[in-house]
Every structure is written in C-alpha cells, then in structure tokens.
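Asker: Each chain is listed here by its residues.
There are 2 protein chains.
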Amino acid sequence: MPSLLDELSAEMLPAVEQEMHAAFEEGFPAQFGLMHSMLVYHMGWQDIPEGNATKGKRIRPLIVLLSAMAVGGDWRLALPAAAAVEFLHNFSLIHDDIEDKGDFRHGRLALWKKEGVAQAINAGDALFTVAFLTLQRLADPLSAQTVREAYQVLGKACLNLTGGQSLDLDFEVAKDIGVADYCTMIEGKTGALMSAAAELGALVGGGGTEKQSALAQFGRYLGLAFQVQDDLLGIWGEATAIGKSTESDLVAGKKSLPVIYALEQNEEFKRRWNSGPIHAEEVGKIVADLDQIGAKDYTQQQTDMFTHKALDYILYLPSDNKAVLALKSLAESLTRRRA
Amino acid sequence: MPSLLDELSAEMLPAVEQEMHAAFEEGFPAQFGLMHSMLVYHMGWQDIPEGNATKGKRIRPLIVLLSAMAVGGDWRLALPAAAAVEFLHNFSLIHDDIEDKGDFRHGRLALWKKEGVAQAINAGDALFTVAFLTLQRLADPLSAQTVREAYQVLGKACLNLTGGQSLDLDFEVAKDIGVADYCTMIEGKTGALMSAAAELGALVGGGGTEKQSALAQFGRYLGLAFQVQDDLLGIWGEATAIGKSTESDLVAGKKSLPVIYALEQNEEFKRRWNSGPIHAEEVGKIVADLDQIGAKDYTQQQTDMFTHKALDYILYLPSDNKAVLALKSLAESLTRRRA
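Protein chains in written order, with the working numbering: chain A, 555 to 893; chain B, 555 to 893.
Think of the hints as simulated: they come from the structure by calculation, not from any bench.
There's no promise every hint is true.
The list treats identical chains as interchangeable, and a pair is accepted whether it falls inside one copy or across any two copies.
[Unchecked claim] Here are the simulated EDC-like cross-link-like pairs (lysine to aspartate or glutamate), alpha carbons at most 16 Å apart as the crow flies: (1) K808 x D654; (2) K850 x D784; (3) K824 x D730; (4) K824 x D851; (5) K710 x E580; (6) K668 x D724; (7) K710 x E579; (8) K729 x E836.
The following block holds chain A by itself, in its conformation from the complex (with noise of 0.2 Å):
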C-alpha cells in the first residue's frame, strides 16, 4: 500500500509539473527561442531517455502544497507558488554550477558547460524572472495583498540565498571556519528557500500569520537537517545512489559540517587538513580518524536535533489532515535518506 506522502505526491507533483510548463510557456517572448531552449535543457524538459533522473526531486513545491493543504487550503490555488519556488531553485543550480564548478547536474552535463558560462549566467537570470514572474499566476480569490506578501517571501529568501552562497565561496579560502559560521552559510544557502517554501504554502492556503510563521520554522529546520545529511553522505553515503565518489567530499576539500566539527576538535586531523589536499588512497584512514573524533556521530546528532525542531514547529497542527501526516513523513524520509 503506498504512503499518504507517496499517494499525496503522486497526485501533486504531475500538477506542479503541468503549472511549471504553463507559467514558462505563458508570456515567453517568441524571438528568444535560443534562451528558451537552454532553460528547457535545464528543467529536464528535452525528450530525454533517461526520463526522470533528468530533473530534480521537486521537493520544495511539494513542501509549498502540503503546506497550503495543512492549514486547510486549497493545494490548488499554491500552484503558482509550488511552480515559482521550483524555478528559483532551479536558477541556483544554474548559478551555483558556474560557481562552484560543477560540471555535471542530474545526470547531464551543466548549463555552463554545454553553452559556456556567458549564456549560462544569462539564461540563470532568466529563470530568476520566471520564478518571479510566475506569482502573477496566483488568481482569484486570492487578494493582490496576498501576491504582493508572496513577492515579499520569496524575494528575502532569495537575498538569504544569495548571501549563504557568498559565505560558502568565501569559506572555500577563508581559514577557521567554526560550526557556528557553518550554519549562518546553511540557514541562507539551504534553509531560506525550505522555509520560504513552507511559508508561502501557509500563506496562500489563508493560515494566518500564526501558522505561517510556524510553517517558516519548519521549512527553515527541515531545509538545516536536509543539508547536514547531505553533507554526511557526502563522506559516508552510497557513492553510487548519489552519482558521485562516496570519498568526493574529503578529495574536493569541501569544509562541509563533519570536516569542521573535527577541525574543532581535533589537533592532528586539523594538522593533516591544513597541510594540502586529501588524496583518493588517504580517504579510509581519513574516515576512520572522522569516524574516531565522533564526527559521524556528532552529524547525524545534528540532523537528529534539526528534524525534531522542525516537527515541533508543526506538532499543534491537526493530526487528522492528511497534509500534515505526509509533512512528518517528508521530514523524516528526506533526514533519514540513504542518498
């Protein structure tokens, strides 16, 4: 039998899908067609073999309607929202490959590195405007005060992702990054998104400031436990489930959660760290020492705590809405992944 959550997506994402080509279709200039085809490329729209592993998980509109739906709304009417989110997502990948140098996404090559980083930048500008642009699409019987407040969520979460991504450049060269930093970076880069998501999914669904500020904690605190398990399957996840090297993160001398707790603690791996990159051949030992210091350990007890925060900020809501059954499950699907 499959779960509420399974059996909510199922329902949900083919709606999003459907919104996310309406809104991009809507109002696309004809005489742009090149644009047009890169972003078409990037969304995992081509007519592609491989199918699904060609876009992404789609987990932040989910997050936009089971929140709509959880404090009673109509999931319906936060499509726009669900749609608007998913793009702006998306523009970060785009920016973020160039950025960080990221050579392959969803299985395919990067952006930049089919239509180098000129056009790519561009076209990341582009589908920022999509994402905005789409909130238009909100209608009746949802007010303008309602769009305008929808602009101003998404609009702070994105100067909150901008700026978690300028702290996570700058921490690939700054020295005596502490967990306390880590987390300011991953609030931006990852929380504020997650919790923009949440809240916009409260705000259309009409919860009230109340439960939107609520759904905004959830977001941020599920979005904070997605990415530091991300970082511990960046080091001890299935390499092959993830498309990547389970031993990348160490050989890429990424300063992810796990890494900097250690640099903390412990002198001689803070020693061997500074002294240059980490070769294929060390990456055993290297997580052996980790796995020592009680870097693993101290990770998953992070993702443990986030989760919970997350939960509590949803625990009042009523346990008889299927909206928010499938919410717990999501949290504790995306915290407890493999992969």
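Following the hints, complete the assembly by docking chain B onto the known chain A.
Answerer: Same frame as chain A, but now just chain B:
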C-alpha cells in the same frame, strides 16, 4: 539659467539616491557583510575621491519619476519604482561585465575583476533580488494591485533584457546578422528597461492604461535611440569622454549597427570584416570606408527616427506640465550626446 530638466534632476536625483540607500539597507541581513560590501562598491557608494564619476548617470530612475509627474502623479510616490529600476540596471551591468569580459565599469575595476567571477555572479543575483524587494516600499495610498502590476512590468522587462543579452552573446559567433536581428536584440537589451521605467512611472503616477501604454512606447523608442547613438559613438565618438578608444568597437569586432549596415550594403567591407580582426592601425581607413558606404548617416538617421517615434508618444501630454517638457529635453539630450 538651468534648464527645466536640470532643475528637476537636481531635485529628483538626490531623492533617488536616498531611496536607493534606504531600500538597500532595509532588511539587508547583517550576517552577509561580504556581499553587502561588494554591492556598495559596485554601486559607487564607497568613499572614493573621484566622486560622482564612480556612479552611473541614473537616467532610468529619472525617466520613472518624470513619467509619474508627466501623467499628473506625485513623483515622490514613485521613488521605490525608480530605485528598483536602477538596481535592476546595475544588476545587469555586473553580469554583462562578466559575460562580455569588460574589465572596467564607471572608471573602476569591474566587480568580477575585483572579487572573481563566482562572487560577482552571486552579488549580481543579490542586487537583482534587491530590485524586486524594493517594490515592496511602494506605499499608501498606492494599492496592492498597483504593486502587483509593478512586479509584472518589471518582471517582463527582465525577461526581455535577458533575451536581448542572449541574442547579443549569440551574435558574437553567429554569421549573417541583419539589421532586423539587431533591432530585435536591442529592443530587449536596451529598450525593455527604458520602456519599463516610463511605464512604471505612469502606473504609479496613476496615469491609467492608455497613458501607461503610451509612455511604455516612449521609453522603448528612447531606449532604441539611445542604443543606436551609443553604437555611433563607439566608432565616431570622442574617445576620451567615454573612457575608451573611439576605435574600440571596430577593433573589438563588435557587430554594432553601422557595421551590420555596412555588411549588408557592401561586399568589399564584408570580405574585409570576415577575413579577421581589424587592427588599430587600419581603423582610420575602415572608418573612411564606413563613411563612404553611408553607415554613419544611416545610423544617425535611425537615432533621429527612433527619437521622433518616442516623442510622438508623448505629444498629446499637456505641454504646461514641467515633466513633459523635461522628458522631451531628456530625449533630445540623450540622442544628441557626444559621449
């Protein structure tokens, strides 16, 4: 005696600067100090001896405010729209400089030359966001519906702006670009934001649909005239005043309007152009050839034609309105400038 345009500019531009500062600082998250300082640098707000030379001319916000006043509105209510348009223009400069490999901007190092490509892409994204957030400052007695429409006008302009830039990047490598392709490109790249500036002014000034459309067309043609004049100055302008050699557009291989016209009109020019880069020492001869082909005259005629079309759209506005007269002066001064 200062002209009416000078008089209004002297009153409006300091108010724009104040609004931009206030909008920029409002809610800028304190933890993102690095990103903040990059944007302050780009905006020319740092305490640099050159003073005003380090900022742009702020033409677009002036168009917003004059348009608001020209339809009988209170220009002060339009300040957030003026600031938003200028932020958006500045975002596009940050990204254009990366995409076009422009090393300098307003007499200083371009942001990407100073901070690297990754941070500069991201800082541009942040400024894009600031532009959209600034529209939230449109205040009473403006309705939420007006704000919603302002988001739509700005969003559509952005889509055209990025579409135009995509074509411009493509034209660098494409063969057989004609005058018609060129016009499609500059409609997006330069026309769209000028059009949005005038339209936003008319919207916020309460001019009604008809005047809003008329001013959108005024801004559009003004933008086209401005860009074509820019192309003319890129070959025949006073080099020192624009901070680069008069020859640079030819040496840079830029497919500006005079070149595209000459490519269409003259086989010999086309053979020379297609045979490889133009060297600095050849420029005198090539300019003489362009003169002889009639490329300069044609370009000047196009500027005049676009300027007249622009002015036609504001003909019926009351000529006892100071802002209407100032818009006319602005159109004439922009398209008769020598630098």
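Asker: Evaluate each hint against the coordinates.
Answerer: Quick rundown of the hints versus the structure:
For the identical chains of this complex, K808 and D654 are intra-copy neighbours only, at 11 Å inside a copy versus 31 Å across copies, given an alpha-carbon limit of 16 Å. In this assembly of identical chains, the alpha carbons of K850 and D784 lie at most 16 Å apart only when taken from the same copy (12 Å versus 59 Å across copies). In this assembly of identical chains, K824 and D730 lie within 16 Å of each other by CA distance solely inside one copy; the values are 10 Å within and 59 Å between copies. In this assembly of identical chains, K824 and D851 lie within 16 Å of each other by CA distance neither inside one copy nor across copies; the values are 19 Å within and 69 Å between.
Taking identical chains as interchangeable, the C-alpha atoms of K710 and E580 lie at most 16 Å apart only when they sit on different chains, with a minimum of 11 Å there against 25 Å within one chain. Taking the closest pair of Cα atoms, K668 and D724 come within 16 Å of each other only across two copies (14 Å); inside a single copy the shortest separation is 26 Å, beyond that limit. Only between protomers do K710 and E579 lie at most 16 Å apart by alpha-carbon distance; the minimum there is 13 Å, versus 26 Å within a single protomer. In this assembly of identical chains, the alpha carbons of K729 and E836 never lie at most 16 Å apart, being 23 Å within a copy and 52 Å across copies at closest.
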